[in-house]
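This is what each chain is made of:
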Amino acid sequence: MIFFKRTLSDADLIAGIRAGGLNRRNCENCLYDQFRYLIREATFKHQLLPDESASAYSDAVLTVIEHISSQRYEGRSGLKTYLYQIFYNKCVDLVRKNSTNRESVHQGLSLDNLSIADETRSILQNLISDSEISYLRQQLTLLGEKCQRMLLAWGEGFSDEEIARNLDYQSSAVAKTSRLRCLEKLRTLYRTR
Amino acid sequence: MNELEQIERFFQGEMSATEQASFEKQIQENPQLASAAAFYWQAHQAARLEVLAEKRKQWEKAPAVKPLRKPRFSIAAGIAAVVLLAILWLVWNRSQPNLTERVMAYSNTNFQQLSLTMGNATDSLQEGIILYNQGKFPQAEQIFEVQLTHAPKDARALKFAGITAMRLKNYDKAIQYFQQLSQTDLYENPGPFYEALARIQRNQADDQAKAQQLLKRVVQENLPGKTQATEWLD
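The listed protein sequences correspond, in order, to chains A and B. Those letters in the first sequence? Residues 1 to 193, per this note's numbering, in order. Those letters in the second sequence? Residues 1 to 234, per this note's numbering, in order.
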């Protein structure tokens, strides 16, 4: 059993994360643990608070997990290098945010990564804000348990097929319909503000 | 296809170039659609942040693993620990008296006086004990030896004669008495333990090895002196 080892190879981690289920959880934990020393380094290097570094590191790990899961990570560099680069970007982003109060640009579903016209980007960028996101997080907790689990799985980057498998839906199509219904419920709650 | 589904296809890059251009135009012209798109994006962010908060709790709960990328520190720390332990062991070892010194100390403490009740028999043995307690070891030895001429297998006489000989540093004689004592059928026979004491103090060629064997026997057979023997063997 590979999970009794504290340190796993890149191949083991990738295979485990892509396998899903308990394997995925274990490998996620191992990935986080394996490079968590980067938190302390970033605290010194970027003059961030330990909590800020830890937060950026968790965010970076989650992004790497999403990329592995969605095959976006192609294995051209080692996992450590890949994670380090994403973590570095998030730290630089935090430093900028701290000094200029600018919105983060390295979020999971970044508008910067979309190939859209500048005008569209600008319109959307004006409509989104941290406070709205915080409000939506509160509203999420008001949804039923099933909807919450569904939307959190979506937020974690699971595909509809994986959501169907993990949450016991007949097919990915059914999972997608249910997920969009949950999203609609959240929008209704959001509009009643 | 409902509005959110369309927005999802837009954000996930599933639209054709023409479809995307048309959709973007709608976003630019229709504030409600723009709001819905912003909602979709923010909802995903909110869900992601919720997951992240949960993951952080879970990840940070686990104890930190030592940095893997600085093995030199671990090796250096390991070497330092081994050296430190070696030094401590040497210091401790030097500060500990050796076995002969410990046995001498034991004998001086435990054989300073013989209890009168230890005799518990003939008058001559009591007389020998009194002389022993007065430090008159040669006289005491004489009395115990006289008793042994009358009763060569008298366990108490053998014991007292052996102890007295040991006090007089006549270890050969002491060993002889204790060996005879060991051959008696005492239920709790201190013969092997006393012989070990005498051998350790005599310290001739194979005395240490024989003493070790005797002490092991004391422990194995649960004979008198077991506690002390266990401590010394350790």
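Please note: incorrect hints may appear among the correct ones.
Unchecked claim - Listed next, the in silico DSS-like pairs over lysine-lysine satisfying Cα-Cα at most 30 Å (straight line):
1. A:Lys80 / B:Lys61
2. B:Lys57 / A:Lys176
3. A:Lys80 / A:Lys97
4. A:Lys185 / B:Lys61
Simulated from the structure, these hints should not be mistaken for laboratory data.
**Report entry** Structure versus earlier hints, numbers of those that do not hold, lowest first
**Finding:** 4
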